[in-house]
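Visitor: Sequences and hints are given; from them, build the entire structure.
For the sequence shown, the working numbering begins at 260 and goes up steadily by one.
Don't read these hints as lab results, they were simulated from the structure. Note that the structure is a prediction, hence the values are computed from the model and not measured. Check each hint, because a few of them may be wrong.
What the hints assert, rightly or not - Within a straight-line C-alpha distance of at most 30 Å, the following computed BS3-like cross-link-like pairs (lysine-lysine) qualify: (1) K422 x K388; (2) K435 x K398; (3) K406 x K422; (4) K305 x K318; (5) K350 x K388; (6) K288 x K306.
Said to hold, decoys possible - Derived CB-CB ranges, DEER-like: (7) S359 x S420: 35 to 41 Å; (8) S373 x N440: 21 to 27 Å; (9) A483 x S348: 48 to 54 Å.
Idealized CB from N, CA, C, for every residue including glycine.
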Amino acid sequence: PEETYQLSKRLWQQITVQSLAEKWQQLRKNQDAFWEQMVNNEVAAKKALSPAAILALEKEYANKKLAAYIFPGRNLSLTVDADPQAEISSKETLADNLTSLTLSNGARVILAKSAGEEQKLQIIAVSNKGDLSFPAQQKSLIALANKAVSGSGVGEHSSSSLKRWSAENSVTMSSKVSGMNTLLSVSARANNPEPGFQLINQRITHSTINDNIWASLQNAQIQALKTLDQRPAEKFAQQMY
260 PEETYQLSKR LWQQITVQSL AEKWQQLRKN QDAFWEQMVN NEVAAKKALS PAAILALEKE
320 YANKKLAAYI FPGRNLSLTV DADPQAEISS KETLADNLTS LTLSNGARVI LAKSAGEEQK
380 LQIIAVSNKG DLSFPAQQKS LIALANKAVS GSGVGEHSSS SLKRWSAENS VTMSSKVSGM
440 NTLLSVSARA NNPEPGFQLI NQRITHSTIN DNIWASLQNA QIQALKTLDQ RPAEKFAQQM
500 Y
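Guide: Structure (structure tokens):
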């Protein structure tokens, strides 16, 4: 009966040689992709290690004597070699309350006076050396090295004595490593700026790394490795890598 084929009659008007060809190509493409995947799986299966080979490999690595873990990064330097005892070689007024100084060691100093009566003097030293100055795989080490230095002392001052000295002289300092720059920011009293300049000079020229702080960073790395040991799947993947 004709009513049985109403749907077919409507669709027939939409069917062309081109649409049939496109559908055929799509079916063929899907079928080719299916067979290609099967072939790839078969090749991969042939290359895969047998269970016995995997056990042998695990034993080989388990018995392998690894060198003692040495935490890198202690000798990384984010400062640029320059004479800290530089003199002013030129001076330029850029705008009202804004002066540019060029020093004999090549450094540039910008002096800006704030509009208000600030009680604090802000000193920011910018080094043209940041984490992008090192290989990408060392980026995390740079952050750790900066963290270790920031928490340590300078010169003859230990970490604790530096904190006490900073509190007595109302000086604070922070550092940030980003891209092509390292920023050292120091805040000091406007009526007694000398400690601020001393601190930033000492941090650049006589930074030390406190052994206790460095040991805590090393312990954090060791604990991370121990955690890895407690997860067999991750441990094996690490050994294979």
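Visitor: Against this structure, judge whether each hint is valid.
Guide: Evaluation of the provided hints:
1. Straight-line distance between C-alpha atoms of K422 and K388 comes to about 27 Å, which keeps the hinted pair within the 30 Å bound.
2. About 13 Å separates the Cα atoms of K435 and K398, which keeps this hinted pair within 30 Å; it holds.
3. For the suggested pair K406 and K422, the alpha carbons sit about 16 Å apart, so the restraint of at most 30 Å is met.
4. Between K305 and K318 the CA atoms are separated by roughly 22 Å; this keeps the pair inside 30 Å, and the hint holds.
5. Between the alpha carbons of K350 and K388 the distance comes to roughly 25 Å, so the proposed pair stays at or under 30 Å and holds.
6. A threshold of 30 Å between alpha carbons decides the hint, and for K288 with K306 the separation of about 27 Å falls inside it, so the pair holds.
7. The beta-carbon spacing between S359 and S420, approximately 36 Å, falls within the hinted interval of 35 to 41 Å.
8. A C-beta distance of roughly 23 Å is found between S373 and N440, which places it inside the suggested range of 21 to 27 Å.
9. A hinted range of 48 to 54 Å holds for the C-beta pair A483 and S348, which are about 49 Å apart.
The structure shown violates none of the earlier numbered hints.
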